[in-house]
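Asks: Sequence:
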Amino acid sequence: MKSIIVAFAFLLSTQSVLQAQSFIIVDAATRQPLSGVSVLIEKTNNGASSDTTGKVFFTDTPPGEFSVTFSMISFTTKTLKFIFPLKNAPITVEMERAEAQTEEEVIVSSSRTESRIENLPTKVEVLGAEEVNEEVGIKPGNIASLLGDVAGIQIQQTSAATGNIEMRVQGLPGKYTQLLKDGMPLFGGYAGSFSILQIPPLDLKQIEIVKGASSTLYGGGAIAGMVNLISKRPKEGVFEKTLLLNQSDLNESNANIYLSNKKNKIGYTFFSGVNYQKAKDVNKDGFSDLPKTNGYFIHPVLFLYPDKKNNIYIGYNGAFEKRKGGDMLVIDNKSDNLHQYFVSNKSFRHTLDASWENRINTTDRFTLKGTGSWLSRDIATNVFGMKAKQLSWYTEASYLKKWEQNDLVLGLNLNGENFTKKLPDSTQINNYNQTTIGVFLQDDWKINPKFIVQTGFRIDHHSDYGTFALPRISMLYKINPVLTSRLGFGLGYKTPTVFSNEIDERDLKFIFPLQNIKAERSAGVNWDVNYHQKINGWDLTVNQSFFYNQINKPVIAVMMPGSIEFVNESNPVTTGGIESYVQILHDALEIYLGYIYTNARKKYDEQQPHLELIAKNKLASIIAYEFSDHFRAGLESAYTGSQYLSDGSKTPGYLFAAAMVRYDIHHISLVLNCENLLDYRQTRKEQIVIPPFDNPSFKELWAPIDGRVINLSMRISL
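All letters in the sequence shown, in the order written, are residues 10 to 727 by my numbering.
Mixed in with the good hints, there may be bad ones.
Stated by the list, open to error - Below 20 Å or equal to it, Euclidean Cα-Cα: the simulated EDC-like pairs (lysine to aspartate or glutamate) are:
no., residue 1, residue 2
1, K289, D258
2, K241, E143
3, K271, E249
4, K90, E51
5, K518, D703
6, K244, E366
7, K562, D473
8, K214, E127
9, K708, E621
10, K87, E245
11, K317, E366
12, K333, E105
13, K272, E143
14, K659, E511
15, K611, E709
16, K96, E127
17, K244, E105
18, K659, D614
19, K250, D673
20, K612, D656
21, K271, E105
22, K378, D191
23, K214, E143
24, K293, E695
25, K625, E635
26, K694, E709
No lab work stands behind these hints, which were simulated from the structure alone. What you are looking at is a predicted structure, and each value in this text was computed from that prediction instead of being measured.
All chains should be built: construct the whole structure from the sequences, respecting the hints.
Replies: Listed below in structure tokens is the structure:
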């Protein structure tokens with residue numbers, strides 16, 4: 010018995026020694042454990058490497074003070090002093106990625122696992138800091154142009170009077186793409202109009218895009234995909250100060266300011282911007298091609314860091330905008346019996362958001378976040394007016410658990426919309442109050458170093474439209490060091506709404522309430538193969554992807570004289586196609602060539618089966634060169650093939666080109682940019698205004714109507 014006690018005591022003491030001489034090594038950016046880190050205790054023969062949990066042990070280190078060096082490829086070598094035996098072990102050591110590698114390493118937050126983009130089974134396209142910063146000087150007013158540069162996304166103006174635009178992904182209308190800010194859905198229902206036109210890029214860190222059915226990730230609406238806007242965060246000891254001024258030859262003016270700082274346990278970011286656009290009649294037909302716009306935006310965020318494990322942020326986002334378009338004489342307050350047409354939108358949006366993240370340890374993380382947005386929008390036209398408000402809110406709690414081969418996320422979310430008309434009101438649109446509760450589960454399973462499978466499952470229950478089960482699976486196979494393939498499948502859904510960019514504001518009074526309408530359900534599959542290799546200083550990427558989407562029971566607007574009624578069609582909408590691109594980087598040279606083929610069909614319409622305003626063929630190219638540390642220039646072009654209109658006719662294809670030069674001197678960056686170099690306009694091909702001119706109708710817009718635009722911006726960064 011005595012010998013057993015002695016042996017047990019020896020085991021306990023051995024374990025205590027091991028614990029006392031141990032480290033846990035993690036990635037400073039993601040807090041993920043790092044395996045294979047070389048650890049050397051100087052002036053001794055002790056050296057070891059961290060295991061798959063990030064731990065490393067030493068058993069025979071003599072007492073005293075020693076320098077310990079931690080090194081790993083792609084990370085900055087770190088040397089720290091410790092007194093052995095260690096106290097409060099295991100001691101956590103954070104490794105920073107080497108500066109040369111930082112720009113290439115992209116951490117994706119949309120997956121909730123903080124995974125690197127190259128290790129994600131779901132294909133995520135990221136517009137990183139470099140692309141966003143460049144766009145700040147090119148189009149500082151909003152992110153529409155930046156999103157339009159992404160293959161598979163088509164940006165098209167939908168109204169000459171309001172300037173509203175739509176973002177079409179994989180050949181589907183804009184209503185099927187979910188827009189998020191820092192992982193929280195934005196802009197739905199009555200609040201959806203002018204969404205991406207009211208988001209300046211200056212305070213964005215990056216934009217993450219997932220194409221195809223993505224409702225499993227963040228709920229309904231992501232049938233065509235989702236776009237997640239990631240805000241900048243303050244950096245320790247870095248006081249960032251940026252002022253941006255911009256002026257275009259079409260009388261658009263922008264002034265933006267961004268500030269950020271972090272010191273110890275507190276930090277902040279602050280953005281404020283003003284946009285002004287004078288009404289412009291480019292083709293001299295008496296009607297505005299660009300509406301008169303006044304916008305003001307403010308976005309302060311407070312960050313709190315109580316300790317190394319917890320971080321909290323609380324933010325406010327205000328957007329206040331007035332836009333008016335139509336007859337130029339009416340805009341100038343010179344209306345008469347012949348000149349009466351106008352459309353005016355006045356919107357005030359207040360958004361509060363907050364998040365608490367608790368990194369319990371290196372493998373566990375709890376996140377609680379929420380947002381609430383209140384919108385007041387007043388619509389006025391020459392024949393009709395409407396005023397209403399909408400409260401939208403979203404809350405989410407999630408728990409991340411990391412094991413050696415699995416990253417598991419379990420979460421719960423609750424969100425809703427409350428729409429209320431202001432009286433008096435002449436529309437037939439009903440007030441509504443809708444809520445959705447969802448439970449989701451996601452598992453990233455690293456079967457082996459070459460094969461990773463991501464499975465997800467969500468159950469949403471909507472107060473009006475019932476329950477939706479949403480499975481999703483994505484697979485990543487690393488065929489060899491330069492060739493990878495991803496395959497994904499998922500289901501999606503979208504609840505109906507009467508608010509659509511397709512409907513003229515003057516026609517809102519004709520909309521019938523939704524009756525016996527079912528939610529749209531979808532299935533989508535995406536497959537891509539990617540080749541990436543560096544050869545003698547040349548960085549080559551070749552990507553080939555395929556997609557297919559099917560929307561069952563699509564909701565369409567049946568427009569008759571004096572009435573607009575929404576119905577479910579019995580046959581589906583389908584889109585399928587391919588995306589191909591080649592990217593070449595070499596020192597200061599960048600070359601991009603891309604091609605997209607999209608076949609979008611309305612199976613319910615035998616007479617006109619083609620989904621309107623979707624280009625079947627599109628070609629894009631970019632060439633940019635950095636001549637010196639101070640001077641950079643770029644030229645991009647895109648050919649948009651013919652599109653079908655709602656009456657079955659086809660439009661001609663057209664070429665769009667743009668050029669940019671940037672000159673940096675000290676803290677100042679000057680950008681001279683020209684969009685639509687060839688000055689291609691739809692109004693050169695046809696008259697888009699249809700009489701009577703005191704209350705006209707308009708042809709569908711399939712090409713630019715604002716023509717060539719030249720702007721000069723100055724960015725001062727201190």
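Asks: For every hint, state whether the structure bears it out.
Replies: Cross-check of the supplied hints:
As the CA atoms of K289 and D258 are separated by approximately 11 Å, the hinted pair is consistent with the 20 Å bound. Under the criterion of a C-alpha separation no larger than 20 Å, the hint pairing K241 with E143 is consistent with the structure, at around 15 Å. Taking the CA atoms of K271 and E249, the gap is about 10 Å. The hint holds against a cut of 20 Å. Taking the CA atoms of K90 and E51, the gap is about 10 Å. The hint holds against a cut of 20 Å.
Under the criterion of a C-alpha separation no larger than 20 Å, the hint pairing K518 with D703 is consistent with the structure, at around 19 Å. Pair hint K244 plus E366 holds up; C-alpha atoms about 17 Å apart against a cutoff of 20 Å. Between K562 and D473 the CA atoms are separated by roughly 17 Å; this keeps the pair inside 20 Å, and the hint holds. Taken as a hint, the K214 and E127 pair is honoured in the structure, with Cα atoms around 19 Å apart against an allowance of 20 Å.
About 13 Å separates the Cα atoms of K708 and E621, which keeps this hinted pair within 20 Å; it holds. The suggested pairing of K87 with E245 holds, with an alpha-carbon distance near 19 Å, which does not exceed 20 Å. Only pairs whose Cα atoms come within 20 Å are accepted, and K317 paired with E366 is accepted, the gap being roughly 11 Å. Distance check on the hinted pair: K333 and E105 sit about 51 Å apart at the alpha-carbon level, beyond 20 Å; violated.
Restraint check: the Cα-Cα separation between K272 and E143 comes to about 28 Å, which exceeds 20 Å; the hinted pair is violated. The suggested pairing of K659 with E511 holds, with an alpha-carbon distance near 19 Å, which does not exceed 20 Å. At most 20 Å may separate the alpha-carbon atoms for a hinted pair to count; K611 and E709 meet this at roughly 18 Å. With a CA separation close to 38 Å, the supplied pair K96 and E127 exceeds the 20 Å bound.
Between K244 and E105, the direct Cα distance comes to roughly 14 Å. Compliance with the 20 Å bound is thereby established for this hinted pair. Taking the CA atoms of K659 and D614, the gap is about 16 Å. The hint holds against a cut of 20 Å. Of the supplied pair hints, the one linking K250 and D673 holds, its CA atoms being roughly 16 Å apart against a limit of 20 Å. Pair hint K612 plus D656 holds up; C-alpha atoms about 16 Å apart against a cutoff of 20 Å.
Pair hint K271 plus E105 holds up; C-alpha atoms about 18 Å apart against a cutoff of 20 Å. For the given pair, K378 sits about 10 Å from D191 by alpha-carbon distance, which is consistent with the 20 Å threshold. Pair hint K214 plus E143 holds up; C-alpha atoms about 12 Å apart against a cutoff of 20 Å. At roughly 13 Å between alpha-carbon atoms, K293 and E695 fall within 20 Å of each other, so this suggested pair holds.
With a C-alpha separation of about 34 Å, the suggested pairing of K625 with E635 is violated against the 20 Å cut-off. A hinted pair counts as satisfied when its Cα atoms are at most 20 Å apart, and K694 with E709 qualifies at roughly 13 Å.
Taken one by one, the earlier hints fail for this structure at numbers 12, 13, 16, 25, listed in ascending order.
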